[in-house]
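Novice: The chain contents come next:
Protein chains: 2
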Amino acid sequence: MVETTSILIKDTTLVSDSIQKTSILIQDNKIEEISNKLTDNDASKVINASDKLCMPGLINTHSHVAMTLLRGVGDDQELQTWLNEYIWPKEAKLNDELVYAGSLLAMAEMIKTGTTTFNDMYFFMEQTAKAAEESGMRAFLGYGMIDLFDDEKRKSELNECKKLIKNCHNTANNRIKVAVSPHAPYTCSEELLIESKQMARKNDLIYHIHVSETKTEVDDLKKQRNQTPFEYLNDIDVLDDKTIAAHGVWTTDDEMKILNQKGVSVSHNPSSNMKLASGIAPITKYLENDINVSLGTDGVSSNNNLDMFSEMKTMALLQKVNTLNPKVLKTKTTIDITTKNGAKALNIDAGEISVGKLADIILVDTKLPHMTPLRSPESNVVYSALGSDVNTVIIDGKIVMEDRKLTNLNEKEIIEDVSQLAKQL
Amino acid sequence: MVETTSILIKDTTLVSDSIQKTSILIQDNKIEEISNKLTDNDASKVINASDKLCMPGLINTHSHVAMTLLRGVGDDQELQTWLNEYIWPKEAKLNDELVYAGSLLAMAEMIKTGTTTFNDMYFFMEQTAKAAEESGMRAFLGYGMIDLFDDEKRKSELNECKKLIKNCHNTANNRIKVAVSPHAPYTCSEELLIESKQMARKNDLIYHIHVSETKTEVDDLKKQRNQTPFEYLNDIDVLDDKTIAAHGVWTTDDEMKILNQKGVSVSHNPSSNMKLASGIAPITKYLENDINVSLGTDGVSSNNNLDMFSEMKTMALLQKVNTLNPKVLKTKTTIDITTKNGAKALNIDAGEISVGKLADIILVDTKLPHMTPLRSPESNVVYSALGSDVNTVIIDGKIVMEDRKLTNLNEKEIIEDVSQLAKQL
Numbered sequence: 004m005v006e007t008t009s010i011l012i013k014d015t016t017l018v019s020d021s022i023q024k025t026s027i028l029i030q031d032n033k034i035e036e037i038s039n040k041l042t043d044n045d046a047s048k049v050i051n052a053s054d055k056l057c058m059p060g061l062i063n064t065h066s067h068v069a070m071t072l073l074r075g076v077g078d079d080q081e082l083q084t085w086l087n088e089y090i091w092p093k094e095a096k097l098n099d100e101l102v103y104a105g106s107l108l109a110m111a112e113m114i115k116t117g118t119t120t121f122n123d124m125y126f127f128m129e130q131t132a133k134a135a136e137e138s139g140m141r142a143f144l145g146y147g148m149i150d151l152f153d154d155e156k157r158k159s160e161l162n163e164c165k166k167l168i169k170n171c172h173n174t175a176n177n178r179i180k181v182a183v184s185p186h187a188p189y190t191c192s193e194e195l196l197i198e199s200k201q202m203a204r205k206n207d208l209i210y211h212i213h214v215s216e217t218k219t220e221v222d223d224l225k226k227q228r229n230q231t232p233f234e235y236l237n238d239i240d241v242l243d244d245k246t247i248a249a250h251g252v253w254t255t256d257d258e259m260k261i262l263n264q265k266g267v268s269v270s271h272n273p274s275s276n277m278k279l280a281s282g283i284a285p286i287t288k289y290l291e292n293d294i295n296v297s298l299g300t301d302g303v304s305s306n307n308n309l310d311m312f313s314e315m316k317t318m319a320l321l322q323k324v325n326t327l328n329p330k331v332l333k334t335k336t337t338i339d340i341t342t343k344n345g346a347k348a349l350n351i352d353a354g355e356i357s358v359g360k361l362a363d364i365i366l367v368d369t370k371l372p373h374m375t376p377l378r379s380p381e382s383n384v385v386y387s388a389l390g391s392d393v394n395t396v397i398i399d400g401k402i403v404m405e406d407r408k409l410t411n412l413n414e415k416e417i418i419e420d421v422s423q424l425a426k427q428l
Numbered sequence: 004m005v006e007t008t009s010i011l012i013k014d015t016t017l018v019s020d021s022i023q024k025t026s027i028l029i030q031d032n033k034i035e036e037i038s039n040k041l042t043d044n045d046a047s048k049v050i051n052a053s054d055k056l057c058m059p060g061l062i063n064t065h066s067h068v069a070m071t072l073l074r075g076v077g078d079d080q081e082l083q084t085w086l087n088e089y090i091w092p093k094e095a096k097l098n099d100e101l102v103y104a105g106s107l108l109a110m111a112e113m114i115k116t117g118t119t120t121f122n123d124m125y126f127f128m129e130q131t132a133k134a135a136e137e138s139g140m141r142a143f144l145g146y147g148m149i150d151l152f153d154d155e156k157r158k159s160e161l162n163e164c165k166k167l168i169k170n171c172h173n174t175a176n177n178r179i180k181v182a183v184s185p186h187a188p189y190t191c192s193e194e195l196l197i198e199s200k201q202m203a204r205k206n207d208l209i210y211h212i213h214v215s216e217t218k219t220e221v222d223d224l225k226k227q228r229n230q231t232p233f234e235y236l237n238d239i240d241v242l243d244d245k246t247i248a249a250h251g252v253w254t255t256d257d258e259m260k261i262l263n264q265k266g267v268s269v270s271h272n273p274s275s276n277m278k279l280a281s282g283i284a285p286i287t288k289y290l291e292n293d294i295n296v297s298l299g300t301d302g303v304s305s306n307n308n309l310d311m312f313s314e315m316k317t318m319a320l321l322q323k324v325n326t327l328n329p330k331v332l333k334t335k336t337t338i339d340i341t342t343k344n345g346a347k348a349l350n351i352d353a354g355e356i357s358v359g360k361l362a363d364i365i366l367v368d369t370k371l372p373h374m375t376p377l378r379s380p381e382s383n384v385v386y387s388a389l390g391s392d393v394n395t396v397i398i399d400g401k402i403v404m405e406d407r408k409l410t411n412l413n414e415k416e417i418i419e420d421v422s423q424l425a426k427q428l
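Taken in sequence, the protein lines are chains A and B. Each residue of the first sequence is one higher than the last, beginning at 4 in this note's numbering. Each residue of the second sequence is one higher than the last, beginning at 4 in this note's numbering.
To be clear, the hints were calculated from the coordinates, so they are not data collected in a lab. One or more hints might be untrue.
Because identical chains cannot be distinguished in the list, a pair is counted as satisfied if it fits within a single copy or across any two copies.
What the hints assert, rightly or not - Keeping only pairs whose Cα atoms sit at most 27 angstroms apart, straight-line, the calculated DSS-like set for lysine-lysine is:
| hint | residue 1 | residue 2 |
| --- | --- | --- |
| 1 | 360 | 335 |
| 2 | 288 | 343 |
| 3 | 330 | 93 |
| 4 | 370 | 426 |
| 5 | 347 | 165 |
| 6 | 408 | 205 |
| 7 | 335 | 158 |
| 8 | 408 | 370 |
| 9 | 218 | 288 |
| 10 | 158 | 347 |
| 11 | 93 | 335 |
| 12 | 330 | 343 |
| 13 | 426 | 335 |
Start from the sequences and build out the full structure, keeping to the hints where you can.
Specialist: Below is the structure:
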């Protein structure tokens, strides 16, 4: 008996264990069976994947996706100049229409480079939710709260967050979830950090915050409070296993202990940290301290794309040279950070190709010069692949891209729209 | 009057100066005219490039292209383990057939990611020459001489080099040139370094050598000779403006002065240096010292691809984070290193889109999500583009790829061949 929502990925090679020629049956939004005995009769849709590698969709745990609108703005500047003179003046002009268009563009780009889930912090987030609903992506959406230590602003920011939870949380077959997202310790009052954490705990939501991105930020906090960022956040009790700290570049050994104890996840953003010259996050130390490290692209202005394949390679290479040890971040670890650990950070049952998991799956082409020979699928995926090698993307059991063609989005129209709209900025 | 060998690139956008909508006329192997008044009648072949960015082909100044055969071999290992246990035992099995197939595969990959010229050091180089002749690429080919301080071996290595010069130099309409390529100061005797330099000078050839790749190499030489690598090479008078030193990771301030005085070019290989944890080359210091820095991928086993777009971004980001200064390696400098400086290092009249230069040109697609919006062509090319965005490649006035289809090579067959042949290794 064939269900209309079932998909068979036939004769594929799993990157994780290099098992050649197995098939995957997807029923509704989950992986139902993995076996080489499955046949075309078992599903309503069959994808021949004999020339393709199969792996979990990549999970981007820190983004500001609508910043695609600002691609190419303010390159090669100091962080403060970049923010004050380039980014913030343009962000002040954002509106619903722009954020919707920018979000759609980002999702076209993310799907085309193999990302299935992203964790976003920005403004006009109901527009990003609308785009996620249409694109078919799995999304964690947070309104970026910034009160600049002002009482009135704090209240209105918390209200925005509350409204987003009410309107968007658990929508689109639960693909869309809201993450409570205070911007950072240096832009949010202690009260905002605490009250927003209470809101997150009450609704069982992810708490997403920038922490320890730059040395200046850490030095400033030390002067003000005689505490490092994670010491401070721990002191006000906002850290737990539903907390995702983006960046974590300047984390000390003492802070590592806190992160481990509280089960905090770190979202590492190597390209952004390199481009803005923020520093090199101590990823190998996080791993030694059993801290859950995941991967993110950050916004497009500090990257300048959303390609998680490139991010994955950059992360691995950067840690090797920074520790002068080529044996750190081996391919399996690198892939886990980009898939499994992201799922753990976001508390979703995805990030692995195994029975019962959410069917968030990508198929990667192998018949390409730079993917030849295919000695080790893991190695080729981490070190050789380009984001454009992704052939097919399935999210929540639905095909959102097949043979490089987006199913739910009109790529050409989206590109035209953003090309025009970006002129307003 | 229309010549059969003329090509018009119509209505394109030059990356270098963001001039919108100009056209380029190619006559034989050179750029004949750049003007917005050119019409379809001016050439026998017209390429509509109104949606494309036009830039010089990328120049890879340090490669071992047939190492595509070893893609995915020995990842994440210490350099000595990597060489002794993985690379060298497999390289011992190389032969004409393997190197030819591996070279063709590399050229398919290089063309598809926008490289038009490469400077290669390896073995069985007549096979790589054959592949370069067929693919249409511009190639500098060097037999990697290693005598391990043995007199007999030195003589036979020099003979190999002499034979290569005789058989391949200035072949294929001068697209193929031989570079005299002693492997490194730690694998070559002083006599070999000197005698091969004499051979290079006599024939007016590029001298291509690995220098100062690892700290161990530098420390060892200091113990043996009480000199740093470039001090030693200067002392034996092999440095000049026809010398390309690959890597140059551990170069000291004193050595910078030597390189500047002698006009030596450095080939920077960021991905390889990161993956093997060799260190971070002081690129910003080289530039401050007016030393010609160019870019290379190194071999595929330490990268693991030949994508110069990815290499370009990695280089820029790595220098920013390493100096903690986001203003270094701005987009123009980064592009120059990857094009113009490579041409200077190799002493060819290419690397720029201007009248009289060799017609080595690539067209890059812009109607892609990750290339939208197109505020700054330079920024999009350096930070956003993927190698797979290259649409059309012209080398020496001939189209070698059009709309992603290779003109001279059978991509599918090459992939099949290497997939099979690599099993021998």
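Novice: Each hint: holds or not?
Specialist: Status of each hint after checking the structure:
1. For the homomeric pair residue 360 and residue 335, the shortest alpha-carbon distance inside one copy (19 angstroms) is at most 27 angstroms, but the shortest distance between copies (46 angstroms) is not.
2. Taking the shortest Cα distances, residue 288 and residue 343 sit within 27 angstroms of each other inside one copy (19 angstroms), while across copies they are farther apart (40 angstroms).
3. Proximity of residue 330 and residue 93 under a CA criterion of 27 angstroms is satisfied inter-copy only: 21 angstroms between copies versus 43 angstroms inside one chain copy.
4. With identical chains, the CA atoms of residue 370 and residue 426 are at most 27 angstroms apart between copies only, with a shortest distance of 16 angstroms across copies and 39 angstroms within one.
5. In this homomeric assembly, residue 347 and residue 165 come within 27 angstroms of each other (Cα to Cα) only inside a single copy, at 24 angstroms, whereas the closest approach across copies is 60 angstroms.
6. Taking the closest pair of Cα atoms, residue 408 and residue 205 never come within 27 angstroms of each other, the shortest separation being 41 angstroms inside a single copy and 56 angstroms across copies.
7. For the identical chains of this complex, residue 335 and residue 158 are neighbours neither inside a copy (45 angstroms) nor across copies (46 angstroms), given an alpha-carbon limit of 27 angstroms.
8. Within a single copy, residue 408 and residue 370 get their C-alpha atoms as close as 18 angstroms, and across copies as close as 14 angstroms, so both meet the 27 angstroms cut-off.
9. In this assembly of identical chains, residue 218 and residue 288 lie within 27 angstroms of each other by CA distance both inside one copy and across copies; the values are 18 angstroms within and 24 angstroms between.
10. Proximity of residue 158 to residue 347 under the C-alpha cut-off of 27 angstroms is found in neither arrangement, the shortest distances being 31 angstroms within a copy and 61 angstroms between copies.
11. Taking the shortest alpha-carbon separations for residue 93 and residue 335, only the inter-copy value of 24 angstroms comes in at or below 27 angstroms, while the best intra-copy value is 40 angstroms.
12. In the homo-oligomer, the alpha carbons of residue 330 and residue 343 lie at most 27 angstroms apart inside one protomer (21 angstroms), although the nearest pairing across protomers, at 35 angstroms, exceeds that limit.
13. When the C-alpha separation of residue 426 and residue 335 is checked against a cutoff of 27 angstroms, the pair qualifies only between copies, where the shortest distance is 23 angstroms, while the shortest distance within a copy is 43 angstroms.
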